[in-house]
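Visitor: The listed protein sequences correspond, in order, to chains V and W. Everything in the first sequence is counted per the working numbering, starting at 1 for the first residue and increasing by one. Everything in the second sequence is counted per the working numbering, starting at 1 for the first residue and increasing by one.
Bear in mind the hints are in silico, worked out from the structure with no lab data behind them. Heads up, some of the hints might be wrong.
As the list claims (entries may be wrong) - Label pairs and their computed distance ranges (CB to CB):
| # | chain 1 | residue 1 | chain 2 | residue 2 | range |
| --- | --- | --- | --- | --- | --- |
| 1 | W | Thr77 | V | Cys159 | 44 to 50 Å |
| 2 | W | Arg243 | V | Val9 | 37 to 43 Å |
| 3 | V | Asn153 | W | Asp236 | 52 to 58 Å |
| 4 | V | His32 | W | Arg243 | 28 to 34 Å |
| 5 | W | Asn7 | V | Gln187 | 49 to 55 Å |
| 6 | W | Gly175 | V | Asn153 | 36 to 42 Å |
| 7 | W | Thr197 | V | Met283 | 56 to 62 Å |
| 8 | W | Gln215 | V | Gln158 | 22 to 28 Å |
| 9 | W | Arg243 | V | Glu164 | 44 to 50 Å |
| 10 | V | Ala132 | W | Thr74 | 56 to 62 Å |
| 11 | W | Gln215 | V | Leu275 | 35 to 41 Å |
| 12 | W | Met115 | V | Lys266 | 50 to 56 Å |
| 13 | V | Glu164 | W | Ser233 | 24 to 30 Å |
The beta carbon of each residue, even a glycine, is placed where N, CA and C say it ideally should be.
The lines below spell out each chain.
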Amino acid sequence: MSEPVSQFVKPVTNSGRAKILSLHEAVALCVHDGDTVAMEGFTHLIPYAAGHEVIRQQRKHLQLIRMTPDILYDQLIGMGCADKLMFSWGGNPGVGSLHRFRDAVENGWPHALEIEEHSHAAMANAYDAGAAGLPCAVFRGYVGAELIRVNKNIKSIQCPFTGETLATVPAIRPDVAIVHAQRADRQGNVMFEGIVGVQKEAVLAAKRSIITVEEVVADFGARNRNAVILPSWTVTAIACVPGGAHPSYAQGYSRRDNNFYIAWDKIARDRNQFLSWMQTHVMQGR
Amino acid sequence: MNAYTPNEMMTIAAARSLRNEDVCFVGIGAPSAAANLARLTHAPAITLIYESGTIEAKPSVLPLSIGDGELCDTALTTVGVPEMFRYWLQGGRITVGFLGGAQIDRFANLNTTVMGDYAHPKVRLPGGGGAPEIATHCGEIFIIMAHSRRAFVEKLDFITSLGHGEGGDHRQRLGVCTQGPTRLITDLCIFEPDAITREMTVVSIHPGIKREQIQENTGWPVRYAADLKETISPTDSELSVLRDLQARTRAAHSG
Numbered sequence: 001m002s003e004p005v006s007q008f009v010k011p012v013t014n015s016g017r018a019k020i021l022s023l024h025e026a027v028a029l030c031v032h033d034g035d036t037v038a039m040e041g042f043t044h045l046i047p048y049a050a051g052h053e054v055i056r057q058q059r060k061h062l063q064l065i066r067m068t069p070d071i072l073y074d075q076l077i078g079m080g081c082a083d084k085l086m087f088s089w090g091g092n093p094g095v096g097s098l099h100r101f102r103d104a105v106e107n108g109w110p111h112a113l114e115i116e117e118h119s120h121a122a123m124a125n126a127y128d129a130g131a132a133g134l135p136c137a138v139f140r141g142y143v144g145a146e147l148i149r150v151n152k153n154i155k156s157i158q159c160p161f162t163g164e165t166l167a168t169v170p171a172i173r174p175d176v177a178i179v180h181a182q183r184a185d186r187q188g189n190v191m192f193e194g195i196v197g198v199q200k201e202a203v204l205a206a207k208r209s210i211i212t213v214e215e216v217v218a219d220f221g222a223r224n225r226n227a228v229i230l231p232s233w234t235v236t237a238i239a240c241v242p243g244g245a246h247p248s249y250a251q252g253y254s255r256r257d258n259n260f261y262i263a264w265d266k267i268a269r270d271r272n273q274f275l276s277w278m279q280t281h282v283m284q285g286r
Numbered sequence: 001m002n003a004y005t006p007n008e009m010m011t012i013a014a015a016r017s018l019r020n021e022d023v024c025f026v027g028i029g030a031p032s033a034a035a036n037l038a039r040l041t042h043a044p045a046i047t048l049i050y051e052s053g054t055i056e057a058k059p060s061v062l063p064l065s066i067g068d069g070e071l072c073d074t075a076l077t078t079v080g081v082p083e084m085f086r087y088w089l090q091g092g093r094i095t096v097g098f099l100g101g102a103q104i105d106r107f108a109n110l111n112t113t114v115m116g117d118y119a120h121p122k123v124r125l126p127g128g129g130g131a132p133e134i135a136t137h138c139g140e141i142f143i144i145m146a147h148s149r150r151a152f153v154e155k156l157d158f159i160t161s162l163g164h165g166e167g168g169d170h171r172q173r174l175g176v177c178t179q180g181p182t183r184l185i186t187d188l189c190i191f192e193p194d195a196i197t198r199e200m201t202v203v204s205i206h207p208g209i210k211r212e213q214i215q216e217n218t219g220w221p222v223r224y225a226a227d228l229k230e231t232i233s234p235t236d237s238e239l240s241v242l243r244d245l246q247a248r249t250r251a252a253h254s255g
């Protein structure tokens, strides 16, 4: 056990406004080799365009975090960007397996991938703890589940009031969070709608953040008084990328391109076909 | 009489297990079909909650994934994922959760993690997602799985989520006070746990299915309840509502 360290979070002022940048500039500024990177989206608002820019800029040794890694993470893993993946459910939602992810875990291609596997409840609580500036999350979980045996970051803690044994996992504090949202205003405030997942928590837990948006508007206008909004001073960079969540959903803008999700199953099964597809559609496209 | 597929029988039997007053935690796929069939037939007031945060979802077509806008558009409200797992699931507000898996054992423990050794798996499966906590926090668990020797195994390669553990009072000894798997619905039959041993025991066999078929597809010696029943065939109304739902779903997603 290391000696207790003060974990108090240094307050930030509201003077550091989000920069509105090109996607290329945002990724160059925020994402470095070896970073822990959380690109979130609970199968909705997945930051595909930003993830593709990370691949184009050939970031290496990333420690990826995501509750529901899907095609975008299959692409990052298959292109050799990641050394590690922390996750709770990895699949092609509604279709099947992630073949690049499986190839990395089962065969070490293109290189070995370390995994840290949790449950959804653990990761959701860990993001919440990260946003709250806590060192760990405490919850009732993992009872009778074998992940406890294979993941050294799942531990237990005793409630000092009731004596109940509870599960605890380290807070998630990514170097950078990358998410997609519907709108930013010109001041760099960002509004999320629909299935909002853990995006707000991921951004607030991270040291830096990139948010791609469908559009930048002069003003959000009439809105629900409890709309999910991240103030500009909590965000590092914003890039306007219409369709930046394609092929996933962006509620109010576009539906899931389900044909692509189905097509990916075939593309990703074969290493060469995968590499060829990535060359054509990601490395040379933008 | 109407012809139906084994999968339709499974979905309909699962739907019948749900009650109007249930608050149901629904997964994508077979559970979603069953839960919505229940809502569209005998349980119009059932509350469906999807783990993406949509509460009281009333989808007119089945969602492609947990993030489908159809869930959010038809829900009473949508909350964030941490709130879903903390206030709603852990908070004890779900009466029944649906689970499935790649492997199940006689005590309804489930594996959705790996085939083979964890560190060097033969097959890396998607993982548990919400299952480890769904399995212990919901009032009870219904499991839907198509019967096969590969899936119904003597010993799991990995215990992703707790069923009745090693049987008997194992859940209580672990401090879990929810019921766990109270029903396992397959395409051949329905199991419920034995009152004492908690071993999953066949209580109802679907029409036309033989005991030998069940045993051939199960990796442990199957036990049968003393008052074994035959599952009631799907009614015309159940079949037409299910088929309409699936046709609407196909039409909506074929664009």
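Visitor: Each hint needs a verdict: does it hold in this structure or not?
Guide: Verification of the hints:
no. : hint                            : in the structure
1   : W:Thr77 - V:Cys159: 44 to 50 Å  : violated (31 Å)
2   : W:Arg243 - V:Val9: 37 to 43 Å   : violated (55 Å)
3   : V:Asn153 - W:Asp236: 52 to 58 Å : holds (53 Å)
4   : V:His32 - W:Arg243: 28 to 34 Å  : violated (54 Å)
5   : W:Asn7 - V:Gln187: 49 to 55 Å   : holds (53 Å)
6   : W:Gly175 - V:Asn153: 36 to 42 Å : violated (22 Å)
7   : W:Thr197 - V:Met283: 56 to 62 Å : holds (58 Å)
8   : W:Gln215 - V:Gln158: 22 to 28 Å : violated (46 Å)
9   : W:Arg243 - V:Glu164: 44 to 50 Å : holds (48 Å)
10  : V:Ala132 - W:Thr74: 56 to 62 Å  : violated (32 Å)
11  : W:Gln215 - V:Leu275: 35 to 41 Å : violated (47 Å)
12  : W:Met115 - V:Lys266: 50 to 56 Å : violated (22 Å)
13  : V:Glu164 - W:Ser233: 24 to 30 Å : violated (47 Å)
Checked against the numbered hints above, the structure breaks hints 1, 2, 4, 6, 8, 10, 11, 12 and 13 and satisfies the rest.
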